[in-house]
Amino acid sequence: MNNDMNQADSITQQHLPNQRLSRLKARRKNWLAVHLWLGLSLGFLLSIYGITGSILVFHEEIDEWLSSELLIVKQPEYSMVYQPLAAIFEAGRKAMPTRAKHTFATYPRNEQAAFKLRYAVLTTDGVREIWQVAVNPYTATVTGKYLQDRSDSIIPKTFVDFIFKLHYALLISSQDVSTVVVGLSGALLMISVLTGLIVWWPLTGRWRQAMSFKPKSGCVRFNYDLHKTVGFYTTLAMIPVLFSGIYMVLPHQVVPVLELFSPVTYRYWFQSTPPTANTQAIGMDQAVAIAVQRYPTGRPHFIYGAPSATKTYTVCQDGVNAPGSLLQRRCVVMDRYSGKILDVDDPTIGTAGEVFTHWQWPLHSGRAFGMTGRILVFITGLACPVLFVTGVIRWLQKRKARKKAAASVSA
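So our numbering is basically just the index in the sequence shown, starting at one, shifted up by 7.
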């Protein structure tokens, strides 16, 4: 009798894990359906985001290669010192019509790069043009200028600007529409990635098989292994890149969610206070000086102008070393009239929510971890069309197999 009871207990113990495995497989089948239809419907967009994102990781190098006569300068033998920023900005201003508004500047990334100044010009027929002026920082002379974009054209005028607009707006002219389309598709693609991870998860514990290719397999198995391994190894980078993209196009929707967990300030929401008297705004060179005074070890990178009365100046610097902080990027927001600092992106003093937001652009661009991070984001972007194509092939293979099985049954 005892033997019978022991045998019954053994059968029960084997049966329970089998029941649990069956439930997990049934649940995974539902997740597979979600993953499948999200992948089929949004995989092409993922491919666009991935390919364009990979190109944009190295957009400065590509821009200089395509326009080397404008954007690459020769360092004078007699001087290794830049001209004062005021002289550089003044050179750019003289190269543009008086009605042009200085909106953005990019500090040279190395000793051979030009200073890039961006201007917005409203033409007499109401068209908004975006121009870029290149200035030799050693001589404060203009090396050239070119039209980047026009509001009456869907396609930007330069290759890099075309890739930018395709990446963040899918060439949709209406900003209200493009932000919703890009932000919503990014959120759904995050779900697709997460469901893919659930589907990939080895329920039977065969981790080596799940993380590698099956040797000497046919085309069908190779395509399946390629899809699952590429998806697994890029998930760690794919999720933060997708989320940061959502954050950058839909900050008004993302920030309130983050504030449920920790206070967050968003630098683009700060405004300058126009004075009652007819006071002139400080120059962008003065704004840079204020930021450098706050973080003396940093090197200026992006300088955001103030094209309207209530806009602020923002100066972003790289290479700011601080104990206990991996992130070396700092952005200083200031009033365009008084120069008063309104906000700083500084992970050493910010709240948990603010530190989280400070990491978003460096993670999205890969610059958070130097060249290693950029290469990782570059590879992740190239993996996107691979995942889409192999996913479609896998779906077609399974559909063909189902039709063949149905035909054999009916026969």
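Any given hint could turn out to be false.
The calculated lysine to aspartate or glutamate pairs, modelled on DMTMM-like cross-linking and capped at a C-alpha distance of 20 angstroms, are [claimed, not checked]:
#, residue 1, residue 2
1, Lys152, Glu67
2, Lys172, Asp292
3, Lys172, Glu97
4, Lys108, Glu97
5, Lys152, Glu136
6, Lys152, Glu76
7, Lys101, Glu136
8, Lys164, Glu118
9, Lys152, Asp70
10, Lys407, Asp232
11, Lys101, Glu84
12, Lys108, Asp132
13, Lys152, Asp232
14, Lys108, Asp292
15, Lys81, Glu67
16, Lys108, Glu118
17, Lys172, Asp70
18, Lys81, Glu71
19, Lys221, Asp232
20, Lys164, Glu68
21, Lys405, Asp132
22, Lys108, Glu136
23, Lys172, Glu68
24, Lys101, Glu118
25, Lys318, Asp292
26, Lys101, Asp292
27, Lys172, Asp159
28, Lys164, Asp70
29, Lys152, Glu97
The hints are simulated quantities; they were obtained by calculation from the structure and are not laboratory data.
Exercise. Does the structure break any of the earlier hints, and which numbers would those be?
Worked result: Those not satisfied are hints 2, 3, 8, 11, 13, 16, 21, 24.
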